[in-house]
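2 protein chains.
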Amino acid sequence: MINFDFFSPTYFAFGRGSEHRVGELAARYGSRKVMIHYGKGSVVKSGLLDKVRQSLNNYNISFVELGGAVPNPRASLVYEGIELGRQADVDLILGIGGGSAVDSAKAIALGIPYEGDFWDFYSGKASPIRALPVGSIVTLAATGTEGSNASVITNDYLGNIKSSSNNDLSKPVFSILNPELTFTVPDYHTACGATDILSHILERYLTNTTEVELTDRMSEAIFTRILEATREALADPENYEARADLLWGGTLAHNDILGAGREQDWSSHRMEHALSAEFDVAHGAGLAVIFPNFLTYTLEHDPARFSRFAVKMFGVDPQGKSEPETGREGIKKFREFLDEIGMPKTLADLGIGADDIPRLLKAVVPNNGDLLGYFQPLTEDDVTNIFELCL
Amino acid sequence: MINFDFFSPTYFAFGRGSEHRVGELAARYGSRKVMIHYGKGSVVKSGLLDKVRQSLNNYNISFVELGGAVPNPRASLVYEGIELGRQADVDLILGIGGGSAVDSAKAIALGIPYEGDFWDFYSGKASPIRALPVGSIVTLAATGTEGSNASVITNDYLGNIKSSSNNDLSKPVFSILNPELTFTVPDYHTACGATDILSHILERYLTNTTEVELTDRMSEAIFTRILEATREALADPENYEARADLLWGGTLAHNDILGAGREQDWSSHRMEHALSAEFDVAHGAGLAVIFPNFLTYTLEHDPARFSRFAVKMFGVDPQGKSEPETGREGIKKFREFLDEIGMPKTLADLGIGADDIPRLLKAVVPNNGDLLGYFQPLTEDDVTNIFELCL
Numbered sequence: 000m001i002n003f004d005f006f007s008p009t010y011f012a013f014g015r016g017s018e019h020r021v022g023e024l025a026a027r028y029g030s031r032k033v034m035i036h037y038g039k040g041s042v043v044k045s046g047l048l049d050k051v052r053q054s055l056n057n058y059n060i061s062f063v064e065l066g067g068a069v070p071n072p073r074a075s076l077v078y079e080g081i082e083l084g085r086q087a088d089v090d091l092i093l094g095i096g097g098g099s100a101v102d103s104a105k106a107i108a109l110g111i112p113y114e115g116d117f118w119d120f121y122s123g124k125a126s127p128i129r130a131l132p133v134g135s136i137v138t139l140a141a142t143g144t145e146g147s148n149a150s151v152i153t154n155d156y157l158g159n160i161k162s163s164s165n166n167d168l169s170k171p172v173f174s175i176l177n178p179e180l181t182f183t184v185p186d187y188h189t190a191c192g193a194t195d196i197l198s199h200i201l202e203r204y205l206t207n208t209t210e211v212e213l214t215d216r217m218s219e220a221i222f223t224r225i226l227e228a229t230r231e232a233l234a235d236p237e238n239y240e241a242r243a244d245l246l247w248g249g250t251l252a253h254n255d256i257l258g259a260g261r262e263q264d265w266s267s268h269r270m271e272h273a274l275s276a277e278f279d280v281a282h283g284a285g286l287a288v289i290f291p292n293f294l295t296y297t298l299e300h301d302p303a304r305f306s307r308f309a310v311k312m313f314g315v316d317p318q319g320k321s322e323p324e325t326g327r328e329g330i331k332k333f334r335e336f337l338d339e340i341g342m343p344k345t346l347a348d349l350g351i352g353a354d355d356i357p358r359l360l361k362a363v364v365p366n367n368g369d370l371l372g373y374f375q376p377l378t379e380d381d382v383t384n385i386f387e388l389c390l
Numbered sequence: 000m001i002n003f004d005f006f007s008p009t010y011f012a013f014g015r016g017s018e019h020r021v022g023e024l025a026a027r028y029g030s031r032k033v034m035i036h037y038g039k040g041s042v043v044k045s046g047l048l049d050k051v052r053q054s055l056n057n058y059n060i061s062f063v064e065l066g067g068a069v070p071n072p073r074a075s076l077v078y079e080g081i082e083l084g085r086q087a088d089v090d091l092i093l094g095i096g097g098g099s100a101v102d103s104a105k106a107i108a109l110g111i112p113y114e115g116d117f118w119d120f121y122s123g124k125a126s127p128i129r130a131l132p133v134g135s136i137v138t139l140a141a142t143g144t145e146g147s148n149a150s151v152i153t154n155d156y157l158g159n160i161k162s163s164s165n166n167d168l169s170k171p172v173f174s175i176l177n178p179e180l181t182f183t184v185p186d187y188h189t190a191c192g193a194t195d196i197l198s199h200i201l202e203r204y205l206t207n208t209t210e211v212e213l214t215d216r217m218s219e220a221i222f223t224r225i226l227e228a229t230r231e232a233l234a235d236p237e238n239y240e241a242r243a244d245l246l247w248g249g250t251l252a253h254n255d256i257l258g259a260g261r262e263q264d265w266s267s268h269r270m271e272h273a274l275s276a277e278f279d280v281a282h283g284a285g286l287a288v289i290f291p292n293f294l295t296y297t298l299e300h301d302p303a304r305f306s307r308f309a310v311k312m313f314g315v316d317p318q319g320k321s322e323p324e325t326g327r328e329g330i331k332k333f334r335e336f337l338d339e340i341g342m343p344k345t346l347a348d349l350g351i352g353a354d355d356i357p358r359l360l361k362a363v364v365p366n367n368g369d370l371l372g373y374f375q376p377l378t379e380d381d382v383t384n385i386f387e388l389c390l
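Chains as they are written, first to last, in numbering that gives the first Met the number 0: chain D, 0 to 390; chain G, 0 to 390.
One should not assume that every hint holds.
If several chains are the same, the list does not tell them apart, and a pair holds so long as it fits within one copy or across any two.
Stated by the list, open to error - For lysine to aspartate or glutamate, the following EDC-like pairs were computed, each having C-alpha atoms within a straight-line distance of at most 20 Å: (1) Lys361 / Asp381; (2) Lys311 / Glu227; (3) Lys311 / Glu212; (4) Lys320 / Asp381; (5) Lys332 / Asp4; (6) Lys44 / Glu64; (7) Lys311 / Glu219; (8) Lys124 / Asp369; (9) Lys124 / Glu277; (10) Lys44 / Glu237.
No wet-lab data here; the hints were simulated from the structure. These numbers come from a predicted model, not from an experiment.
Just need the whole structure built from these sequences, with the hints factored in.
Take a look at the structure:
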């Protein structure tokens, strides 16, 4: 185990009807004027927005509204939100929806008190020293943004660069999680979300840090339950318990409780960000294509770890098999699972061809020659090879 | 799963040398003057207190000191701390040591801004509305107070009533956990601490809430690792990784991440508090006597759950056995483990006899006829029967 800091200050209100508590929770954090930020359509149609307005009214908290967040949320909307927030003098940004609305809420919260361009925090030019508090109401089990320090923004002014900011200031002060709000998520997006959750676990599970038995077991506990709960939710979209375990498991997969004390990888996420920035594919779908091929490519780096992955995550029987053989069977089972839940298998399934690899490579590989990730640090050739495996 | 709130705002700094960061962390929370509260002996002799003084000096944070915390910490010292803290106008209480010093630091932090008697918060007469922030440096893997809302105080002015306060205000703002600081813990107290940790998991694991698969698996992950790490630490007290998993596992066993969404029991803790208040036994030792007998007594309430406990926690093979048989084998293995690590088996081992049961009963059973605990709510007769099983 390596030294670590762990800090998860978010107040989580979880369960049926919890969206009615948004006024109470905003008041707990002293808010007088909220910016409600959401996507389009379902938040309005489902009546959720009305419930939020009502709850804030009940606590005499005023608000302004900004809709329009889209998957792979755009910088242009963040600029709009910063402008609106300053004019209206809001003191808390409430993101409602899947990961996108919450991620752009985080960016707006960073940008409002900052004199420069909020993108500085995403380009690495500056580190934030203050931010407005963010609250969230999450309607999709996926990104874990409700408990994470991360937000990912696509800069549509700069050729769709997709970049992330990771900062304690971006951890929501409260997050409201009602599994019922995810009943209407279509199968494809349920599966994309599950793939994202599983990937968040694996980005931490694949580590060179030894002696991480406690967090390994916790990771295996959550991963295996997510596999089951995904199948249950797809079979019966209104299965409350399955939706609940996906939602809470998705939060725990990314509030870094599973990363405590270990070096983490994150190269698959970096490769996927190039995909979704350049081709606007769903993040989970991109991960479904990349992750199994990343696993195949790096298997020889640490066959013992892959063997454990296969045995503990997918119940592979290691009897009579070498570690690489066991590991490969685990990867095969992971591919079969992703196929079963309807995820794409290849870049071709996403409309991306061999000709596009140079463009992807340009978006993913740092120009300064740094290697990508930490498990098996990847050269530009490695990344090319992995994209070719994905074809 | 039932609705829940989860809130674990503590900033954890974990690892080798982390005690040198106390100044940085106190400064992070705006402190100018700290009360350092500790027990006796080891904190001074080990040089830990000097390191803390130095680190605070480095950040120009002044301090006053109050030693003397003892296991089952006393109200009389809390009153002394409140008086000292008010006179010195401190703004943060830093508890250093095992659970006791941190628990009385929490009580002092509740008492300083309160006009009435701090005991009101432990007797249930009042609920706190504010408290000074608490920091902790923990030198024993056991109580989980470093991340919990709980503190337990024994009122030596009121015939040694032992009572707890549970409040979000008592969650430390930061906790420093260096496994090296636990290398010198004697075997008996290492084992007592492990028993406390395992009990914190079981108090939540034994539930009537159905559909708690995610947290069940997380509980099993942590429980089984604690079993192993305890053996490793007893075999080699300077095994860093074993000490680290005990320390972090002990935190996670009681910051309520394992209690999310489920009804919890806590009757064994209530029975043990009577033991340690009346006879000043180590909390873990008291739990080692009571818990297996509580399990035996309540097995028929839910044999399926006990069977799962046996299979998942202790690897019992359920083949050809009824659920109660499997469950009983699990309890037997739990007893064997406690025996192996040197814990007492009977009240007699603690110097307590059948004649003392009425006195224990008086200390544990509420006079208003409420049942004890939630798994199998216990009548006064039930509690008597369990104490008799412990003889």
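Checked hints:
Taking the shortest Cα distances, Lys361 and Asp381 sit within 20 Å of each other inside one copy (14 Å), while across copies they are farther apart (71 Å). Proximity of Lys311 to Glu227 under the C-alpha cut-off of 20 Å is found in both arrangements, the shortest distances being 14 Å within a copy and 18 Å between copies. Within a single copy, Lys311 and Glu212 get their C-alpha atoms as close as 12 Å, and across copies as close as 16 Å, so both meet the 20 Å cut-off. Proximity of Lys320 and Asp381 under a CA criterion of 20 Å is satisfied in neither setting, with 27 Å inside one chain copy and 53 Å between copies.
Taking identical chains as interchangeable, the C-alpha atoms of Lys332 and Asp4 are never at most 20 Å apart, the minima being 34 Å within one chain and 36 Å between chains. Taking CA atoms no more than 20 Å apart as the test, Lys44 paired with Glu64 passes inside one copy only; the shortest distance there is 15 Å, against 60 Å between copies. Taking the shortest Cα distances, Lys311 and Glu219 sit within 20 Å of each other both inside one copy (6 Å) and across copies (14 Å). Taking the shortest alpha-carbon separations for Lys124 and Asp369, only the intra-copy value of 17 Å comes in at or below 20 Å, while the best inter-copy value is 61 Å.
Taking the shortest alpha-carbon separations for Lys124 and Glu277, neither the intra-copy value of 23 Å nor the inter-copy value of 62 Å comes in at or below 20 Å. In this assembly of identical chains, Lys44 and Glu237 lie within 20 Å of each other by CA distance solely inside one copy; the values are 18 Å within and 60 Å between copies.
When the structure is compared with the earlier hints, violations turn up for hints 4, 5, 9 and for no others.
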